[in-house]
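Mapped onto the working numbering, the consecutive letters of the sequence shown carry residue numbers 2 to 432.
Keep in mind that the hints were calculated from the coordinates and are not lab data.
Be careful, since some hints might not be right.
[Stated by the list, open to error] Subject to a maximum C-alpha distance of 30 Å in a straight line, what follows is the list of computed DSBU-like cross-link-like pairs (lysine-lysine):
hint, residue 1, residue 2
1, Lys248, Lys282
2, Lys69, Lys133
3, Lys200, Lys271
4, Lys271, Lys69
[Said to hold, decoys possible] Derived Cβ-Cβ restraints for the label pairs, each shown as a range:
hint, residue 1, residue 2, range
5, Lys162, Lys196, 14 to 24 Å
6, Ser337, Lys373, 19 to 29 Å
7, Asn204, Glu247, 49 to 59 Å
8, Phe131, Ile322, 35 to 45 Å
9, Arg264, Ile322, 23 to 33 Å
10, Val115, Ser225, 29 to 39 Å
11, Asn365, Ala391, 16 to 26 Å
12, Leu427, Lys275, 21 to 31 Å
13, Glu338, Gln134, 39 to 49 Å
Positions of the beta carbon are idealized from the N, C-alpha and C atoms, including for glycine.
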Amino acid sequence: MLKKKKILIISYYWPPAGGPGVQRWLKFVKYLPDFNIEPHVYIPENPTYPLIDEKLVKEVSDKAVIIKQPIFEPYGLASVFSKNKTKKISSGIIPNQKKQSFVEKAMLWIRGNVFIPDARVFWVKPSVKFLKQYLQKHQIDTIITTGPPHSLHLIGLQLKKELDITWLADFRDPWTTIGYHKQLKLSSWAAKKHKNLEKEVMNTCDRLLVTSPTTKTEFETITSKPIEVITNGYDVEKVIKKPLDEKFTLAHIGSFLSARNPRILWKALKELTKENPDFKKQFQLKLIGAVSAEVLQALKEFKLEKYVNHLGYLPHDEAIIEQRSSQVLLLIEIDSEETKCIIPGKLFEYMVSERPIIAIGPENADLAQIIKETNTGTFFKYDELEALKAQILKCFEQFQQNNLKVYPVGLQQYSRKSLTEKLAKLLITNH
């Protein structure tokens, strides 16, 4: 029998953490043993997770070796000032610049200028010390670091310098070009340090993994190392089947950040409730996950608050049930050059839910291409109000006729098992 290949994955997010950052490696780890690879997963023992989903613990593969080491995180100190604000900032909900309090401004400045690349930087040194011995003892010669937090790539960088190992750096999101990076109030010194570290990581690792074609193109200007696109995907989930909502529900699953506030959508919905009495009677906006104050304010401004059913954060399995019982699924991406590369993990879960997707985002967004190729919905730019309105109305009319369906094609390539097979081939050929 072929000898198992051992690899070490260094990740900050791991069950019981909730939110999208967990799913990618949780699923890779689930399927890697099917391809004769034994995953060892290194995670913090006492992390500060903004979202908790205890049910995900049951999904951890029993074939994985989990190693935990303590971490010191300054978020603990910051929460003395304001636990709620710290939690929001650590989960990526950055308040609108004009509305930031002094504490929020100070926390953002410290986050960007003192903790470089991020607040998990204190975990680098002790992790390198511990992992050097661990890798040698267990004869592991391949490591993967996954960020954000990008501090974890610095663990990989140091281990690569000190040991004869193969290192893959996985970027679930870009580093210095991600939307919120600019909001960290960086000094020119700090901005340069982020850039230098990014460049060093990308030019020292053996291979980069990215989640979208646009990120690959962007990284090719920084490094000549091989870059592989392995998107996120969907897993085959056995969930309780709930009948479709009786109302015409437009559902958004996941954090609704301030910058994602789609005024074009609110305008379209407001006009439809005014112009169409049936729509007014049947329509409901279903929100699952954290919703920023700016979004709630906009809904009020457009007089849509009475149509809102805000269910708050739900565990992953419950969110999937709600998603599959919704009439239409909303996918909103920030309208900017930097977000063209963002393909939210939930897109793939949306695609297999057999519900039509209405997506709004920047021109030439990578996600638009996937939606089009798989025939799972429609995509609109932020200036396509009339087209967006017409599509919502078309879906509503199909809903009235009990005929609102999608007919997807080619989804198999995005299954977590297919994607893990792609990763496994890389790990074996990289050896």
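Right, here's what the structure says about each hint:
| no. | hint | result |
| --- | --- | --- |
| 1 | Lys248 <-> Lys282 | holds, 9 Å |
| 2 | Lys69 <-> Lys133 | holds, 15 Å |
| 3 | Lys200 <-> Lys271 | violated, 47 Å |
| 4 | Lys271 <-> Lys69 | violated, 50 Å |
| 5 | Lys162 <-> Lys196: 14 to 24 Å | holds, 20 Å |
| 6 | Ser337 <-> Lys373: 19 to 29 Å | holds, 21 Å |
| 7 | Asn204 <-> Glu247: 49 to 59 Å | holds, 56 Å |
| 8 | Phe131 <-> Ile322: 35 to 45 Å | holds, 40 Å |
| 9 | Arg264 <-> Ile322: 23 to 33 Å | holds, 30 Å |
| 10 | Val115 <-> Ser225: 29 to 39 Å | holds, 32 Å |
| 11 | Asn365 <-> Ala391: 16 to 26 Å | holds, 22 Å |
| 12 | Leu427 <-> Lys275: 21 to 31 Å | violated, 54 Å |
| 13 | Glu338 <-> Gln134: 39 to 49 Å | holds, 44 Å |
Hint compliance for this structure: hints 3, 4, 12 are not met, and every other hint is.
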